[in-house]
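Protein chains: 2
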Amino acid sequence: MTYTSDGPIPGFHAVIPAGGAGTRLWPLSRSGHPKFLHDLTGSGRTLLQATVDRLTPLTEPGGVMVVTGERHVEAVRAQLPGVGADEVLAEPSPRDSMAAIGLAAAVLAARHGGDVVLGSFAADQVIHGASPFERAVREGVEAALADYVVTVGIAATHPATSFGYVHSGDSLDLDGAPSARHALGFTEKPDVVTAAAYLATGEYRWNAGMFLVRARVLLDHLAAQRPALHDGVRKLAAAWDTSERAQVLADVWPGLEKIAIDHAIAEPVAAAGGVAVVPGDFGWDDIGDFASLSALLAPLEANDDNARVLGDDASVVRLDSYGSLVVPSAGRMVAVLGLDDVVIVDTPDALLVTTRARAQQVKDVVQALRTQGRTDLL
Amino acid sequence: MTYTSDGPIPGFHAVIPAGGAGTRLWPLSRSGHPKFLHDLTGSGRTLLQATVDRLTPLTEPGGVMVVTGERHVEAVRAQLPGVGADEVLAEPSPRDSMAAIGLAAAVLAARHGGDVVLGSFAADQVIHGASPFERAVREGVEAALADYVVTVGIAATHPATSFGYVHSGDSLDLDGAPSARHALGFTEKPDVVTAAAYLATGEYRWNAGMFLVRARVLLDHLAAQRPALHDGVRKLAAAWDTSERAQVLADVWPGLEKIAIDHAIAEPVAAAGGVAVVPGDFGWDDIGDFASLSALLAPLEANDDNARVLGDDASVVRLDSYGSLVVPSAGRMVAVLGLDDVVIVDTPDALLVTTRARAQQVKDVVQALRTQGRTDLL
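Chains as they are written, first to last, in this note's numbering: chain A, 1 to 378; chain B, 1001 to 1378.
Watch out, some of these pointers could steer you wrong.
Said to hold, decoys possible - Simulated restraints on C-beta separations: (1) A/Ser-162 with B/Asp-1304: 30 to 40 Å; (2) B/Asp-1340 with A/Thr-201: 52 to 62 Å; (3) A/Ala-260 with B/Gly-1331: 33 to 43 Å.
What the hints assert, rightly or not - Where chain B lies over chain A, by a calculated footprint (3+ residues, C-beta under 8 Å): (4) 336–344; (5) 353–363.
It is worth saying that the hints were derived from the structure and are not from the lab.
Each residue gets a CB set at the ideal place from its N, CA and C atoms; glycine is no exception.
Let's have the full structure, built from the sequences with the hints guiding it.
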């Protein structure tokens, strides 16, 4: 994929939190090999690689940082030969997004000064449209330079109930960010009636969890809202590039508060008028389940059965089946006969057979396996 | 399983033709490892072993003979340590049932004289009820001693269209076989209206392809009906227990006519009044497809979802699924969510997902794979 870019944005650093189990994508996604390490679009690049590919042209060398769990560091480095070892931050245990992004902000501030703008982009989202994405990031950086916490609001295509929404207010009247508006507030996963009412106003967009903000501004907000967490990430950052890192991590990390950046900063700061929203008019999906994965994949061209195969089509025989999604990732032949909208995910040690309509309930299968003590499969 | 038997029947030899691919049971049944080598009932014994178990108490030592393809001889011997090497006849290539049973009859006649009674029982059928089975065999032997070709007619439980039927006439009035009647004729796989009309008369039974006949009588009929085939099996039998066997097999076998015993002997001899039918009032199935396999298996007791698992129940997670059949024979976890009457057959190199209603069409999957040149999976 080629990005037509106006080149790196001075002082901009991309931060990619790479975490989350993706239990609704079991058995493809596992705790030991989560969603972001997979090529879920058949593009030949994993979600993490595609995220880095998208951001690298917008940053100066060394400007992409990944924050991930210790157990994934090796896989992340193997997938990202272009990202330096110093730019992969390892978390000893999951402490939610505020600790991850706060640590990255503090390390960036220590290394480069607090005026750098960081943009945080989850490692497991799919985006179509490099040009509108870049425009959103450039506007977001401009708004961040005006000391706002900036979120990207995605043009909603339907009243989704599995996404959060951001409510846009008046324009910020910024020269470099003409589309940027005040963010009036956030709503998590509304019911479908509320979501439809939101869309009717034209003032609501999907909150994709992309934040752009000066390192200093983020840390100041964190100091005001969650002082203990602020002090913790500052201590970690001060020791990060020294021989003390491991010791300070062991001392400080386990005590850090587990909280999402949305609750810790975005919501309270929005209430105080400090959050901006820039529109993102690109295709976006978080591939939350197999139905959404199916919708992202192109139908097989040679057939008229509306089937999707993620992997080698030659490993799938379909007869009298319409709209199936097959993931033949175990290298075995998969034959499906007489079932519509079936989802078959074949992996070396576990097989899932369900339908697109049941995609959200795959987490119940994971829960059932957990109850049975089969954590080896999770 | 214990058989209550009155002991061996003097002069009775069981012949078990073990052949047939069972393509509607793919991917469980393969050409290299066909249906009869599998435990399809969860009893711990394969269909072949259960067939031998059933007949051994009715025969004298050395009285069970298996006729199978050369490629299956090793597996057959491994499964049947109690059957002597001389009692496993290897066919260089499939030549249908008349050649197989004719060869067995000729070898038995050469070894033991033509007055022995042979009973032919397919290796891949399931029978419930040792006592009524034994009664049918004992009556069948009596009728065979009166020089009839005897077939066992199974009490039909429904107007099946996938079985053949035998039409019973008047009693033979034999002292040792009070239930034996003349067989008036045979019908292969009638339509459902014809089958229902048959059942209404009370005169038709399923033809299970079990034949009992004196070796001499069978060979005489064969000489009259198919003289070339008769001469071929006689030549083979004369050389069988000599050093000439391989040479004669190579010379004679490839030229033998491919014909079923039903067409070669049962039908023409019935027309001439020489076939008898004895009733078999035992449970019988040929496990023709996964729907019939499912019907044979007991539902899992601990659950109310009417599911069947052939294999380790601990390898299957079922949620919101009713009436599923799962065969987890690859040792992997199989999870099924939100599908009723689904059939999932998991093997190390191939997976089938279908429904019980489509069970008969599994052969189309096999055909599709053949068309694709994937004979390695067949």
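Query raised in the report: Quick check: the stretch 353–363 of chain A, covered by chain B? Criterion 3+ residues, Cβ under 8 Å.
Result: holds (count 7)
**Report entry** Whether the CB-CB distance between B/Asp-1340 and A/Thr-201 falls inside 52 to 62 Å
**Finding:** Violated: the Cβ-Cβ distance is about 42 Å, outside 52 to 62 Å.
Query raised in the report: Honestly, do A/Ser-162 and B/Asp-1304 meet the 30 to 40 Å range at C-beta?
Result: Between A/Ser-162 and B/Asp-1304, where Cβ atoms are some 32 Å apart, the hint holds.
Query raised in the report: Does 33 to 43 Å hold as the CB distance between A/Ala-260 and B/Gly-1331, or does it fail?
Result: holds (40 Å)
Query - Per-stretch coverage check for the stretch 336–344 of chain A, three Cβ contacts closer than 8 Å to chain B - result: holds (count 6)
Consistency note: the structure conflicts with earlier hint 2 alone.
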